[in-house]
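Q: Using the sequences and the hints given, assemble the complete structure.
Protein chains in written order, with this note's numbering: chain A, 4 to 372; chain B, 7 to 331; chain C, 8 to 562.
Calculated from the structure, these hints are not laboratory results.
Every clue listed holds true.
With beta-carbon atoms standing in for the labels, derived distance ranges:
(1) A/P124 / B/L237: 51 to 61 Å
(2) A/L107 / C/T385: 23 to 33 Å
(3) A/L107 / C/E416: 16 to 26 Å
(4) A/A114 / B/V252: 55 to 65 Å
(5) A/V90 / B/R225: 23 to 33 Å
(6) B/Q62 / C/K188: 18 to 28 Å
(7) C/D129 / A/L37: 50 to 60 Å
Positions of the beta carbon are idealized from the N, C-alpha and C atoms, including for glycine.
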Amino acid sequence: MTKKGIKHLAGRVGGIKNLILILLAALWLLTLLLDIFVVERIFTPLGYLYLALGIVFLLYVVWPLYTSRRLVRYYWQRVKRNRLAVVGLAFVLFLILLAVFGPLFTADPTAANFEEKNMPPVGLSIEESIYNAETGQFITKTITGTWEHPLGTDNKGRDLLAMLISGAGVSLQVGLLATGIAIALGTLIGVVSAYLGGKVDNILMRFTDIMMTFPFFLLLVFIVFIFGPNLAFIVLVIGLTGWTGVARLIRSETLSLRTREFILAAKALGASDGRIVLAHLIPNVISLIVVIATLSIPGVILAEAALSFIGLGDPAVTSWGMVLRAGQQSLDTTWWVAVAPGIMLFFTVLAFNFVGDGLRDAFDPRSSV
Amino acid sequence: MEKTWLRDYIIKRLFYALIIAWGVLTVTFILVRVGPTSPADKYLANLAARGEEPAQVIAAIEARYGLDKPLYEQYASYVGNLVRGDWGWSLSTSMPVIELIKTHWIYSFQLILLSTILAALVGILIGIYSAVRQYSKTDYIATFFSFIGISIPNFWLGVMLILLFSVQLGLFKTYYDTGVPLFSLANLKQLILPVITLGTGMMAGYTRYTRSAMLDNLRKDFVRTARAKGLPERVVIGKHVFRNAVLPLVTIIMFDLGSIVFGGAYLTEIVFGIPGLGRISFNAVFADDYAVVVAVTLISAFLVLLINLVTDIAYAYLDPRIRYD
Amino acid sequence: MKRVLYILVSAILVCSLLVACQPKGVTGVFISGTSAGDAETLNWILAADSASFGYAGHTVDSLVTYDNEWRIQLRTAAKDVEVSEDGLVYTVTIRDDLRWSDGSKVTAEDYVYTLKNLMFSDWLNYPYKSDWQEEVEGEAVFVTPKVVNETTFTIARQTVEPEFIYTVRNLVPYPKYIAVKYEGDVEAFTQAQEFNNLTYTGNLGPYKFKEWVRNDKFVVERNPEYYLGKDTGAPYFEQYIIKLFGTSAIAHAALEAGDITYTGIDPDKVSKFKKMEGINVYTVPTTGYLLLAYNLRDNGWGGLKIKEVRQALSLAVSKGLIIERVLYGFGEPAFSFIPKVSPWYVAEGVTQYGVKPLLDKEKARELLVSAGYDKPVTLTLLTNAGNEEREDVGYLVKEQLSAIGIDVELKFVPWATMLRKYLMNKTPGTDEELRYNNGLKAVSEEPWDLMVIGLTTNPLSPSGQDVFYATKGGLNFFGYSNIQVDELFKRIKSKEALDEKVRRELYAELSRLVSEEQPVDFLTFQLANAGFQKKVKGIEPGINMGYNYHLWYFE
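A: In structure tokens form, the structure reads like this:
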């Protein structure tokens with residue numbers, strides 16, 4: 004493969020990036036097919052989602068950002084001035100660190116220890132009564148919180164802090180992956196629909212309409228119930244049902260871009276449709292995509308939490324929604340189990356909202372940040 | 007202003023709405039029937055059924071509800087009945103689906119209505135105020151609270167409210183009592199906590215939308231003109247700025263209604279034990295009661311379509327600049 | 008003056024006497040709270056869930072019921088069911104004052120029709136029809152009901168089954184005059200208005216159907232015509248309401264706030280409720296028991312097929328710990344499937360694994376070594392996802408078994424999957440339908456080793472458990488087979504067991520054998536806690552405490 008040959012090929016598909024994408028995508032598909040039909044587990048289903056999204060992310064987000072560092076610095080200056088956004092970002096980073104390194108320092112969140120069930124957080128005490136069937140009397144003892152379980156334990160003796168940390172990991176993963184899928188799909192449909200216009204636009208938008216009219220949550224509950232609560236599957240379903248809003252927004256932005264000079268120029272110079280879409284349109288909607296993505300993550304995280312809360316979460320995974328579900332049964336006794344995950348969810352969602360809002364203000368040329 | 011195209015537009019939209027509704031119906035129907043679960047499961051689960059041939063049990067149960075016929079036949083008869091006004095039989099509650107919906111829709115409706123009113127009133131007022139007094143302390147506080155409102159997971163909020171007000175303080179009953187007459191003060195009282203739960207999230211959204219819509223308009227030229235004319239500030243804001251901000255705001259409120267509300271109302275009903283359509287459909291999913299699931303999906307899809315259509319028409323009618331082709 | 012005084016005093020005396028002799032007045036509304044889920048239908052002959060029978064049961068009585076000591080309490084039967092000498096003919100005599108809602112008499116014809124044309128029919132497919140079948144020359148045939156006169160009918164069998172009488176006593180009729188309209192058409196029968204709204208129940212029950220708001224509440228109102236209430240004025244509640252709650256926590260809060268009259272109390276909340284001023288909590292035995300099933304089929308751990316290995320496992324799992332940590336003390340160790348409250352219960356000779364002295368990790372290891380199965384091994388333990396109690400037991404079992412070198416992997420599976428992939432089985436290489444017991448060579452689709460499940464036993468006729476423990480038992484999904492056990496079950500269901508003394512001996516032998524054999528590890532018999540407002544009077548706590556609920560009243 005000569006350098007010239009590669010360049011030629013790249014030109015055909017709209018850029019060197021697209022060439023790499025196609026190659027990696029083919030590799031990914033191959034591995035997936037091998038996994039299903041020939042060998043056993045190479046990667047978990049979640050792993051495949053990560054790989055797919057990782058490839059797209061690296062090529063179309065990290066690479067462009069790297070090549071236009073000056074621009075990145077400019078926008079970062081603008082974001083920095085919004086204090087709330089900075090705080091939000093700090094929290095998100097903290098959460099990531101917690102999710103990645105936390106498990107090294109805490110107990111196994113699935114390790115049940117019935118000797119230590121229902122322990123309160125450090126400093127608090129609670130009473131426990133066991134019935135003696137022969138005497139008909141109760142034996143009461145007081146349990147006090149210890150530093151071994153700083154936030155207490157649930158009714159199976161699992162450490163609450165460990166469960167919260169595990170939940171952070173789950174929420175971040177779900178947020179990232181599901182949003183990624185929704186964004187990727189929505190962007191593709193929105194841009195293609197707006198750029199090609201006419202019949203294609205019509206059909207795609209009708210399809211989007213149909214998807215939009217489905218009651219999102221009912222559909223989610225429904226599908227997960229029928230096909231089973233598996234985390235990768237839940238992520239996939241949330242992503243596949245949540246792209247409609249993105250598609251609409253991207254489409255209207257692309258519509259306005261379509262008539263701009265640089266697109267007309269590219270067309271006049273003979274660029275193919277594919278190249279225009281991939282090399283010109285998409286990079287220009289990236290700022291919008293980033294904002295939408297950041298603001299969609301909270302919704303996705305809450306959707307997963309709500310699913311776990313009604314009992315349709317993946318039982319093998321400790322998520323905040325699951326802990327909340329366990330805790331709401333004994334609000335009057337072991338209330339900390341219900342309060343803690345709610346607080347975590349709240350702050351996480353809040354943080355992402357702050358960041359998204361800040362990003363939006365930063366990218367909006369009209370606002371005087 | 008002549009808008010003859012409006013009539014054609016409405017007809018076209020209705021036609022599309024019908025197609026979409028049909029699409030929704032078909033997809034839901036297929037999903038339910040094609041899934042690996044079956045209403046016979048709970049019969050199989052009842053081990054006291056003395057080890058009857060499982061295959062026979064499944065066949066018997068399916069015969070009972072007409073589920074043994076081929077898929078297209080079931081679909082055809084379902085749609086046929088639907089057109090005639092027969093929504094089918096709910097197997098998990100053993101009553102006609104229409105009756106089920108008739109007795110339970112009012113609970114969802116009152117919850118959503120009151121929450122929307124609360125959210126809209128409070129949200130819009132705060133939004134206007136914080137736009138007019140931009141960057142003031144009130145603005146920051148309002149923004150802050152609206153962020154909090156959007157971020158609180160509403161099912162957690164519901165649980166916390168019950169913990170605080172019903173269990174600890176004993177101010178409200180711990181469950182929703184359907185025996186209380188609908189148009190009574192007592193019913194209003196027991197709706198306070200659920201409405202707060204559902205309304206908070208919506209309210210926060212409205213605040214922010216109103217604020218940004220108002221801000222957008224405050225910068226426009228006509229405001230400067232109005233002020234230059236010497237009009238009192240209140241008139242400027244109320245009559246001119248707000249009027250212009252209302253349309254996009256209404257659109258957004260309507261969209262919100264369609265997508266977010268049904269999910270949020272669902273969870274609120276479950277947490278507070280309100281027997282509305284959300285709870286009914288939830289239980290129906292777990293019981294493989296396809297008739298109810300399809301019916302509720304259709305209804306909410308239909309409502310969304312209707313709201314969108316009405317909004318678009320009102321928009322087109324009110325805004326002289328718009329024309330749909 | 009004096010005369011006026013006399014008259015006044017006598018009047019007062021007479022009045023107060025009248026008031027005192029008045030049957031108890033109607034005293035209010037009883038609200039029963041539950042979080043166990045709504046009933047499926049009031050057309051109870053179609054139902055498989057106990058809630059449906061429970062709801063309908065407020066409007067129609069069975070022939071006979073039992074008090075807490077298993078003494079017969081007559082209901083719609085005029086006298087107890089009679090059994091012929093040879094045990095083959097059962098004679099039922101019903102009261103002659105029973106009426107349907109249209110005023111017509113309830114006759115033996117209705118009962119026989121319900122049996123022959125509904126329960127035994129092909130088109131209806133009654134889920135419990137096997138209760139009325141017997142095996143004759145390898146075939147399952149129905150028993151033969153026959154009308155004798157307006158208030159009497161007989162049921163004839165070809166084989167003797169001493170415990171059939173319990174099934175007969177539970178009989179509740181459907182009205183023939185309505186049912187004939189739907190005969191043969193199961194869809195129409197399912198949707199029949201009269202059956203789904205219980206409009207036919209007449210004077211057959213203490214209450215009449217009033218309304219049912221799905222997933223919210225079920226309301227029945229006092230039936231002034233109730234045949235048992237003629238002299239006493241029972242029942243004493245204007246309405247009986249079953250109110251549904253999403254979780255037990257909310258039901259508890261409602262009881263505490265005085266919004267409802269009764270609900271079941273979770274084990275961990277009992278001490279709190281016992282301390283409350285206005286609440287009485289009664290601790291009563293139940294018919295539910297938990298067990299650890301061993302997969303004795305070919306796709307389970309080979310060691311489980313060996314009795315000593317199973318005994319070793321049972322030696323290691325502490326029942327007391329399960330009762331203390333999972334049930335908060337509200338349970339009793341189980342060693343067989345016959346509970347203490349059963350008239351057939353016997354304690355002597357029963358091997359008590361899981362409690363001291365047969366709770367010994369050292370001994371367990373020794374047994375494993377001597378059986379040759381002491382190598383470290385990982386076993387899969389299944390339980391129904393979403394059932395807190397069983398998950399907890401699963402965790403505890405895992406903890407206990409790890410101490411004797413057995414690593415346990417927990418798997419929580421949704422019910423439907425559990426049924427299809429783990430309980431049902433078929434012989435590999437054949438084309439047969441999946442069944443719960445396709446013979447000893449059959450295996451389930453997915454392998455498993457241990458399973459925590461909960462079953463209910465019938466204290467009066469524990470022989471019904473043969474569906475699980477007999478080789479050909481229809482629900483013997485774990486593949487247990489023991490000729491002696493089979494033999495004992497057969498004898499209990501035969502002529503010789505008509506003699507109650509003989510039956511007791513047979514049951515005693517069965518308990519001893521089963522407790523030693525350990526086909527499964529019987530874990531606990533659970534206790535339940537019923538919380539009532541103090542003002543409810545007339546309650547007799549026990550295994551059947553609801554038997555006289557029509558006599559309860561508020562003070």
